[in-house]
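**Q** Order-wise, the sequence lines are chains A and B.
Heads up, the first sequence is in the numbering used here, so the first residue is 345 and it goes up one at a time.
Heads up, the second sequence is in the numbering used here, so the first residue is 345 and it goes up one at a time.
Incorrect hints may appear among the rest.
[As the list claims (entries may be wrong)] Derived SDA-like pairs (lysine to any residue); straight-line CA-CA distance at most 25 angstroms:
id	chain 1	residue 1	chain 2	residue 2
1	A	Lys382	B	Lys487
2	B	Lys445	B	Glu499
3	B	Lys377	A	Gly488
4	B	Lys487	A	Ala490
5	B	Lys487	A	Gly489
6	A	Lys459	A	Pro418
7	B	Lys506	B	Pro428
8	B	Lys459	A	Pro418
9	B	Lys459	A	Asp486
Just so you know, the hints here were simulated from the structure itself, not pulled from any lab data.
Next come the chains, spelled out residue by residue.
Protein chains: 2
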Amino acid sequence: MKRILKYSLLFLILALMACNGKQPQSAEEQKAKPLFPKGTVITSNNFSGTVWLQMFVSNDTTYNASIGNVTFEPKARTNWHKHPGGQILLVTEGKGWYQEKGKTAQRIQKGDVVKIPPDAEHWHGASSESGLTHIAISLSTDKGGAIWLQPVTNEEYNNIEK
Amino acid sequence: MKRILKYSLLFLILALMACNGKQPQSAEEQKAKPLFPKGTVITSNNFSGTVWLQMFVSNDTTYNASIGNVTFEPKARTNWHKHPGGQILLVTEGKGWYQEKGKTAQRIQKGDVVKIPPDAEHWHGASSESGLTHIAISLSTDKGGAIWLQPVTNEEYNNIEK
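Excised from the complex, chain A in its bound form:
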């Protein structure tokens, strides 16, 4: 009986070693490397919480646009603001919120595309339980950059998640 257990244990160890070797990259390992660089933390009063920015195209006269990768930690968000030329958000990771003034906040998540009309007052950011990463494409920047307004208060933010 001892020999049976000894051999069985040997097979068990070999089998587990074998299947460990075959394991594909875990979800955690893949999350560790974002699709586009996270960039650096934004130090600005136009945001609440920790937000990272990696610019791809800085506002210039060649492309007449501003394109960057924005990453919000859970609960982090923009102030209310508007874009004279409008903006498109392409959500590449996580979950969050988009709200236009006077409208109900919309849940947004990986794979969503948000079209923000020119001069529409709005905010966007992460949900309380998940971070959010989106590419932000600001268009016709010759009409002007973002016009920043008041912060989204904790009361406003907490109410949408009720």
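Here the structure of chain A is known, so what remains is to put chain B in place on it, guided by the hints.
**A** Showing chain B alone in chain A's frame:
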């Protein structure tokens, strides 16, 4: 000895069943669900090989841009062409090529950002061994849409991979 083998085999099967259950989503399973919709196959002489397109923003006066998700099967590519307002490519999957007229072709891959100046004659597409997916952002489309030129011949394409 027979009993030893019987028990060992039993342990082996149990161990393999156990580790199968623990396996995270495989690379193949994840590839099956792209970040953004693949859209539909383009039927146009401006492309070689099979190319899929999902538009996010069709050229309109509101955003003055055209934004879409483009997926190339291996070896598939655009014709030579140019954009009066310029274009930005954000590579989200796979490997491929970008070449401007008179310059050496550049390898591009997941995570790369390509800035195509206004009126620069160029082409982009997949490598021979991998597909390519990129978001294409055409800017200042009020200056006009893409101007399509001659195909990238097999001779041109095969030469860059030498």
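**Q** Does each hint hold? Answer for all of them.
**A** Quick rundown of the hints versus the structure:
1. With a C-alpha separation of about 33 angstroms, the suggested pair A:Lys382 and B:Lys487 falls outside the 25 angstroms cut-off, and the hint is violated.
2. Distance check on the hinted pair: B:Lys445 and B:Glu499 sit about 15 angstroms apart at the alpha-carbon level, within 25 angstroms; holds.
3. A threshold of 25 angstroms between alpha carbons decides the hint, and for B:Lys377 with A:Gly488 the separation of about 38 angstroms lies outside it, so the pair is violated.
4. A distance of roughly 24 angstroms separates the Cα atoms of B:Lys487 and A:Ala490; the hinted pair therefore holds under the 25 angstroms criterion.
5. Annotation: proposed proximity of B:Lys487 to A:Gly489 holds, straight-line Cα distance about 21 angstroms (limit 25 angstroms).
6. The hinted pair formed by A:Lys459 and A:Pro418 meets the criterion: a straight-line CA distance of about 22 angstroms does not exceed 25 angstroms.
7. At most 25 angstroms may separate the alpha-carbon atoms for a hinted pair to count; B:Lys506 and B:Pro428 exceed this at roughly 32 angstroms.
8. Of the pairs offered as hints, the one joining B:Lys459 and A:Pro418 is violated, with about 32 angstroms between alpha carbons and a cut-off of 25 angstroms exceeded.
9. Between B:Lys459 and A:Asp486 the alpha-carbon distance is near 19 angstroms, which keeps this suggested pair within the 25 angstroms criterion.
Consistency note: the structure conflicts with the earlier hints numbered 1, 3, 7 and 8.
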